[in-house]
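Peer 1: Protein chains in written order, with our numbering: chain A, 1 to 332; chain B, 1 to 332; chain C, 1 to 332; chain D, 1 to 332.
If you're looking for bench data, these hints aren't it; they were derived computationally from the structure.
Some clues are possibly wrong.
Treat identical chains as interchangeable: a pair holds within one or across any two.
[Unchecked claim] Derived SDA-like pairs: lysine to any residue, alpha-carbon spacing no greater than 20 Å straight-line:
1) LYS40 - TYR254
2) LYS187 - ARG270
3) LYS187 - ARG3
4) LYS19 - GLY43
5) LYS40 - ALA165
6) LYS187 - GLU86
7) LYS40 - GLY11
8) LYS187 - TYR257
9) LYS187 - PHE230
10) LYS187 - GLY111
11) LYS40 - PRO115
12) LYS40 - ILE50
13) LYS187 - ASP105
14) LYS40 - VAL30
15) LYS19 - ALA253
16) LYS19 - GLY75
17) LYS40 - LEU249
18) LYS187 - GLU252
19) LYS187 - ALA248
20) LYS40 - PRO267
21) LYS40 - PRO261
22) LYS40 - ARG136
23) LYS40 - ARG270
24) LYS19 - ALA37
25) LYS40 - SER183
26) LYS19 - GLU192
27) LYS19 - PRO53
28) LYS19 - GLY217
29) LYS40 - LEU186
30) LYS187 - ASP259
Protein chains: 4
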Amino acid sequence: MIRVGIYGATGYTGFELIKLLQRHHQAQIVFATARSAAGKRLGDVFPTMIDLPLIDAEEANLAAVDVVFCCLPHGTTAPTVQRSLEAGVRVIDLSADFRLRDPADYQRWYGNTHPAPELLASAVYGLPELHREAIRHARLVANPGCYPTSVILALHPLVRAGLMADTNVIVDSKSGVSGAGRSLSLKTHFGETHETFSAYNIGRSHRHIAEMEQETGLQVIFSPHLLPVFKGILSTIYVRLPAGTDAALVREAYGVYRDEPFVRLLPGGRLPELRHAVGTNLCVLGIHPVDVDSGRYILVSVEDNLIKGASGQALQNMNVMFGLEETLGLMS
Amino acid sequence: MIRVGIYGATGYTGFELIKLLQRHHQAQIVFATARSAAGKRLGDVFPTMIDLPLIDAEEANLAAVDVVFCCLPHGTTAPTVQRSLEAGVRVIDLSADFRLRDPADYQRWYGNTHPAPELLASAVYGLPELHREAIRHARLVANPGCYPTSVILALHPLVRAGLMADTNVIVDSKSGVSGAGRSLSLKTHFGETHETFSAYNIGRSHRHIAEMEQETGLQVIFSPHLLPVFKGILSTIYVRLPAGTDAALVREAYGVYRDEPFVRLLPGGRLPELRHAVGTNLCVLGIHPVDVDSGRYILVSVEDNLIKGASGQALQNMNVMFGLEETLGLMS
Amino acid sequence: MIRVGIYGATGYTGFELIKLLQRHHQAQIVFATARSAAGKRLGDVFPTMIDLPLIDAEEANLAAVDVVFCCLPHGTTAPTVQRSLEAGVRVIDLSADFRLRDPADYQRWYGNTHPAPELLASAVYGLPELHREAIRHARLVANPGCYPTSVILALHPLVRAGLMADTNVIVDSKSGVSGAGRSLSLKTHFGETHETFSAYNIGRSHRHIAEMEQETGLQVIFSPHLLPVFKGILSTIYVRLPAGTDAALVREAYGVYRDEPFVRLLPGGRLPELRHAVGTNLCVLGIHPVDVDSGRYILVSVEDNLIKGASGQALQNMNVMFGLEETLGLMS
Amino acid sequence: MIRVGIYGATGYTGFELIKLLQRHHQAQIVFATARSAAGKRLGDVFPTMIDLPLIDAEEANLAAVDVVFCCLPHGTTAPTVQRSLEAGVRVIDLSADFRLRDPADYQRWYGNTHPAPELLASAVYGLPELHREAIRHARLVANPGCYPTSVILALHPLVRAGLMADTNVIVDSKSGVSGAGRSLSLKTHFGETHETFSAYNIGRSHRHIAEMEQETGLQVIFSPHLLPVFKGILSTIYVRLPAGTDAALVREAYGVYRDEPFVRLLPGGRLPELRHAVGTNLCVLGIHPVDVDSGRYILVSVEDNLIKGASGQALQNMNVMFGLEETLGLMS
């Protein structure tokens, strides 16, 4: 039985993680921390089947756990990560702080000097489909961002097969509102979000570009949009392959995912929609050949931003780290 | 041309009023005030076809207007109302402050002593279908609450015709989220409101009960619920009429609305739904005989909470006060 | 390992059942039938993690299963039920056909003579909280309707404790659109359902009244409404208890659910909302004393109409019938 | 007073047109036809403030009208158009049948030989911002498609100014469900549309590409998506301008819309969202410079698909054709 601690249990990722853990027969939640809700119970914050006391992070007993999940805001997670590692506890960090290998990239995209650059060398980017072996032995896993997960999984096979004729890629992504978190803002007020749709931080401004480029080696123009749904990301990706590349060859490249439990490629002629993935740990992919002669293709990728894009992937990483069956707690 | 001033233009009722006024060919907005947004333009706050400068209330020129609409929070409106009346300007107040004739009722339901009890005698409850003549001559019109409008219009004909065998009434109402206003709170956060539904302040606790009872003379058990839509109220009302009262007699009582432009009674066998009224100034009614023998009937009433339940009714009141055609600016 | 057959896998209840069964470690789906989709695979009809061949009902091998779930339309299920029972297979029927003990009630509410009245004596109404012992030994379990589950669970403790001063009850229920099924109709067309809200079949006309009255002995005025969400039912129930009945006594009556895994009573002062139950097999209850002197109370009850109101309850029944832990496959 | 006839009043475009016409003080609806609903009244089909008898198309009195709007399915409209023109009545056709100048394009994209090629020479593409003078004198106006309106208005100024360095354009569009019409299909069933999001007919397959290319001279890769809202289209458009083209120069090109009442360009740094346009006849544009050095820009364009994308534009065309103020009936 893996003994688990959770830092930051009352945000959407913390809560989703707890919901998943309750179905996981070989893991047990030892503590869950909260800031303003410390002293309350989880059921006071979220309507839920399960219940847990919420404690102050100071009271967390690291000696009693094998692994901690840090669901804290980026920029604030380093002290917790360090303390946990020093206590011999393995860490899965859901913030952005340990995802970029080069501290200069962190500085550039997040606007601050990195809070703990000495940890970067040992941190592993927690995308099991790309880095499973390294994750197995990692002490610190940096869980990928929501958008990057759906985009990197879509592009990786083409890069790996040397099929990208143009390293410039246009990624047009659409995400549910839960991606903006649970903090209050006019942006997430029902009256300003419901029955509308908008683009934000488009072009070269969204921080998640850094992860996409690090893991694919491509240059990405990225346009995120806000959907009036709670969960899910659909990315429409425009690529140029060598002129004449036919669809069979492209599909062959995706054979790399043949044995992956959480990546699905739909048959030719079908495209995934949000509900193919929402509520599951799947990333579902579709390939559309626009024009074989000129090598233009469109990829469509969907995932649940809180599951494969956050807490489900974190749990998948835990399963890998502790040698458990990778799908444990994630079959739904 | 009626010259109009608006206090509090950046809440949902203020904005809805401005949208309606732009289609009204005999009214002209002279000023619109805002607090935190003073100095900006309306287009900076709301996406809209029209645009207006937003000024501080202190800068409003009362000498330039014939009527002001006060779209301010209850408890804060009295000084503005007084200043306007003293300047010879007629007032339509959309807050709750002048709706209850008895200051003791205000004390009981709102928890404070009334801020200007001397004005209550001259204030007219602005439901044109009940008080049109008084509104015509009023200097101060207290625009009704959103829930009370839909409920009073449904019950009034039965009370007037002496058909209420039991003065206890159960009102089960469901309202869109715009009723909770534009202020930030977890209650109106997209993630906590979307795809859910809840009851709140049920039984004898919601303040709107006071208006319903004042205008109907009945005792009301009132259960408001929050719908995951932006606009609209549907009230399901359970009444007991004298045993044996048949449906034709009941429908006859609603003949009182025969010439009303904004109240519709659907034919027997049909019930109104939210979209019959949303976007219009209509209150649409349906009558369902549950059991003629025991006199049990259900009434269903719908309206747009921001139009007939607030700003549309305010404009209707303005039309009445200034002798204009009552439907001006409200035909859609 | 319980071997399971499913008749009617491509409606919403069939699909929800399959999603739940894939997490159930002691059950295994042996066959799933469909009518128009026979020959396809489940993944062609529904986006999903799992996949199954869909066969014609004629090809179902009853010798290979221990239990079948019938997710067929009411009025059509009898031949399948009979054939299964004759083959020695236990049956959980999700249609309405075996819920009413008296065939005259079936005739009255469903408008047809009962298709297999000889089976009614042995059928057990599958609400485990009321009939667990009988379910344990039943060969044919009639799974309750969605509305009745939420209403009967709310009223049962008061009836059992003799606390109903008035046997007339008003039930104002609101249900998500999935309750209307997956067949095409203008009523479930996005443009006619989205952003609206309506009452239907109110008063004494909805067939589910029959179950409510059979199980509680009360007379029910029932007003169902259609919410613009996919899943969930919230019922607001108005009752009269003996004058002076205080809240502590009422709460004591609900102690009957103390050890029930799937019924929750919220603490005084709190009311359940839809999302407390959606996605789970819970029925969550709240009690609001309107006026102790006159004995007026309001009950609020929520459930997921496809889980506790249909497929989750069916699985709970299976667990009871086969002596398994009752929560198996239902902990989320 | 312009006398108006409407063919096909009970689809979403017909109904939206009627709602707009009721606010238009210089137009009067003389007849409205329907197929299956002929003999009923409009209020039986749609909840609405207005009411009209619905007649069979055969009974329409063309002698009594100045103009007809044809809201019929493409491929079926030609006989009605011909009969109207022969009766001396001007025609605004909302179908796709007269939008493409070259009958070979019609054959290619719609799969049939054109039903009335002899009318194409005199038909005018009804986008007033591009073809106002021709519309003024036209007898037959082909009202543009919903997607093309938002896309052509966004691209036209760049084409006109000679600023397109690459004639290949990627258009990623997202539309509300009303674009799929009111006919029943699983695609528009609430349970399959709500809380999801999907791409369809992407690449080079959607018929609206033909209009976009005819009016801009560009080659378009077009990816439409289905949003879970009722109304509105947002298009995200990726273009390449000459290297080094700075934003001021680009904005200058959009000066062509300076006096247009229904096209708005937002200030630099702001992007339009769906609700900027829904409920209005506006097309609102935003320009985002991704990288001036390489000339990469993103355009964002929003409109209400049923208003500027259909019925509002049709009414704007009528105003132009009859020399009325162009904004009449469209100010909201």
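Peer 1: Next step is simple, just say for each hint if it's right about the structure.
Peer 2: Right, here's what the structure says about each hint:
1. LYS40 - TYR254: neither (47 Å within a copy, 25 Å between copies)
2. LYS187 - ARG270: between (34 Å within a copy, 14 Å between copies)
3. LYS187 - ARG3: neither (37 Å within a copy, 35 Å between copies)
4. LYS19 - GLY43: within (12 Å within a copy, 25 Å between copies)
5. LYS40 - ALA165: neither (55 Å within a copy, 38 Å between copies)
6. LYS187 - GLU86: neither (39 Å within a copy, 41 Å between copies)
7. LYS40 - GLY11: Within one copy, since 14 Å is at most 20 Å while 34 Å is not.
8. LYS187 - TYR257: Neither: 37 Å inside a chain and 30 Å across chains, both beyond 20 Å.
9. LYS187 - PHE230: For LYS187 and PHE230, the Cα distance is within 20 Å both inside one copy (14 Å) and across copies (15 Å).
10. LYS187 - GLY111: neither (23 Å within a copy, 33 Å between copies)
11. LYS40 - PRO115: Classified as neither; 31 Å inside a copy, 39 Å across copies.
12. LYS40 - ILE50: Intra 14 Å, inter 38 Å, cutoff 20 Å: intra-copy only.
13. LYS187 - ASP105: So LYS187 and ASP105 fail the 20 Å test inside a copy (28 Å) and across (38 Å) alike.
14. LYS40 - VAL30: within (16 Å within a copy, 45 Å between copies)
15. LYS19 - ALA253: Classified as neither: same-chain Cα gap 35 Å, cross-chain 31 Å, threshold 20 Å.
16. LYS19 - GLY75: neither (26 Å within a copy, 39 Å between copies)
17. LYS40 - LEU249: neither (56 Å within a copy, 27 Å between copies)
18. LYS187 - GLU252: neither (42 Å within a copy, 31 Å between copies)
19. LYS187 - ALA248: Classified as neither; 43 Å inside a copy, 29 Å across copies.
20. LYS40 - PRO267: Classified as between: cross-chain Cα gap 14 Å, same-chain 48 Å, threshold 20 Å.
21. LYS40 - PRO261: Classified as neither; 37 Å inside a copy, 22 Å across copies.
22. LYS40 - ARG136: neither (35 Å within a copy, 39 Å between copies)
23. LYS40 - ARG270: between (47 Å within a copy, 15 Å between copies)
24. LYS19 - ALA37: Within. Shortest intra-copy distance 18 Å satisfies the 20 Å Cα cut-off; inter-copy 34 Å does not.
25. LYS40 - SER183: within (18 Å within a copy, 26 Å between copies)
26. LYS19 - GLU192: Between copies, since 17 Å is at most 20 Å while 29 Å is not.
27. LYS19 - PRO53: within (15 Å within a copy, 30 Å between copies)
28. LYS19 - GLY217: Answer is neither: 35 Å inside a copy and 39 Å across each miss the 20 Å cutoff.
29. LYS40 - LEU186: Between copies only: 17 Å across, 27 Å inside.
30. LYS187 - ASP259: neither (40 Å within a copy, 32 Å between copies)
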